[in-house]
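A.B. asks: Chains as they are written, first to last, in our numbering: chain A, 1 to 114; chain B, 1 to 112.
Treat the hints with care, since some could be wrong.
Claimed, not checked - Listed next, the in silico DSBU-like pairs over lysine-lysine satisfying Cα-Cα at most 30 Å (straight line):
no.: 1; chain 1: B; residue 1: 26; chain 2: B; residue 2: 111
no.: 2; chain 1: A; residue 1: 14; chain 2: A; residue 2: 57
no.: 3; chain 1: A; residue 1: 57; chain 2: B; residue 2: 111
no.: 4; chain 1: B; residue 1: 26; chain 2: B; residue 2: 69
no.: 5; chain 1: B; residue 1: 99; chain 2: A; residue 2: 9
no.: 6; chain 1: B; residue 1: 70; chain 2: B; residue 2: 99
no.: 7; chain 1: A; residue 1: 71; chain 2: A; residue 2: 9
no.: 8; chain 1: B; residue 1: 70; chain 2: B; residue 2: 56
no.: 9; chain 1: B; residue 1: 26; chain 2: A; residue 2: 71
no.: 10; chain 1: A; residue 1: 71; chain 2: B; residue 2: 69
no.: 11; chain 1: A; residue 1: 9; chain 2: A; residue 2: 57
no.: 12; chain 1: B; residue 1: 70; chain 2: A; residue 2: 57
no.: 13; chain 1: B; residue 1: 69; chain 2: B; residue 2: 99
no.: 14; chain 1: B; residue 1: 26; chain 2: B; residue 2: 99
It is worth saying that the hints were derived from the structure and are not from the lab. Keep in mind it's a predicted model, so treat the numbers as computed, not measured.
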Amino acid sequence: NAGVTQTPKFQVLKTGQSMTLQCAQDMNHNSMYWYRQDPGMGLRLIYYSASEGTTDKGEVPNGYNVSRLNKREFSLRLESAAPSQTSVYFCASSEQPGTGGGYTFGSGTRLTVV
Amino acid sequence: SQQGEEDPQALSIQEGENATMNCSYKTSINNLQWYRQNSGRGLVHLILIRSNEREKHSGRLRVTLDTSKKSSSLLITASRAADTASYFCATSPDTGGFKTIFGAGTRLFVKA
């Protein structure tokens with residue numbers, strides 16, 4: 001099925017551990033995004049990639065790094081996990097904002113940092 | 001603070017009734033989008049309305065946009081139990097760029 005695929009779906013980390021969340025889309029979209037969702041706060045943008053080869057900070061980038069590996073893949077890395085990073089992480093893609101298609105989201109990664 | 005603020009935070013209705021959710025925002029926008037999220041799943045795009053549009057329909061969904069009041073509403077007619085989900089509005093700024101901002105959502109519960 002066409003769409004956005006995220007791995008893993010669940011992860012438990014100890015404080016200080018590192019990990020990479022993977023995201024891939026097969027819709028030939030130019031732009032990709034990483035959001036985190038916390039209860040009662042909606043989605044907050046961590047990083048985005050407007051096009052292959054570019055990345056920019058969003059609203060809450062501290063503690064994260066990203067890599068736009070190619071047009072399909074956009075990964076999110078936590079170098080030293082903290083309990084405050086416990087959240088559900090969503091990757092999304094879009095052709096471009098405002099083109100009428102909106103964002104396509106992955107199913108999310110539920111991350112717990114203990 | 002979040003650009004989009006949904007109201008109410010939670011809504012419980014009977015199957016067959018209409019459900020109305022509202023969204024207010026603070027700055028000028030290029031477009032406004034509505035998404036649905038079922039429990040434990042990703043968000044699904046429902047409808048996008050541009051700043052020069054006032055109303056848009058898609059099946060049982062009707063979205064209105066009032067740029068003078070910086071507000072939008074989502075109406076779901078003849079609701080079904082399967083409409084139970086959280087609904088989010090998202091705004092894209094008119095300054096361009098890619099920083100679409102999501103509100104905290106309205107939790108809709110449709111009782112069968």
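A.B. asks: Now look at each hint and say whether the structure bears it out.
C.D. replies: Outcome of the hint check:
no., hint, result
1, 26(B) to 111(B), "violated (33 Å)"
2, 14(A) to 57(A), "holds (25 Å)"
3, 57(A) to 111(B), "violated (41 Å)"
4, 26(B) to 69(B), "holds (9 Å)"
5, 99(B) to 9(A), "holds (25 Å)"
6, 70(B) to 99(B), "holds (18 Å)"
7, 71(A) to 9(A), "holds (22 Å)"
8, 70(B) to 56(B), "holds (16 Å)"
9, 26(B) to 71(A), "violated (33 Å)"
10, 71(A) to 69(B), "violated (39 Å)"
11, 9(A) to 57(A), "holds (24 Å)"
12, 70(B) to 57(A), "holds (26 Å)"
13, 69(B) to 99(B), "holds (22 Å)"
14, 26(B) to 99(B), "holds (14 Å)"
Checked against the numbered hints above, the structure violates hints 1, 3, 9, 10; every other hint is satisfied.
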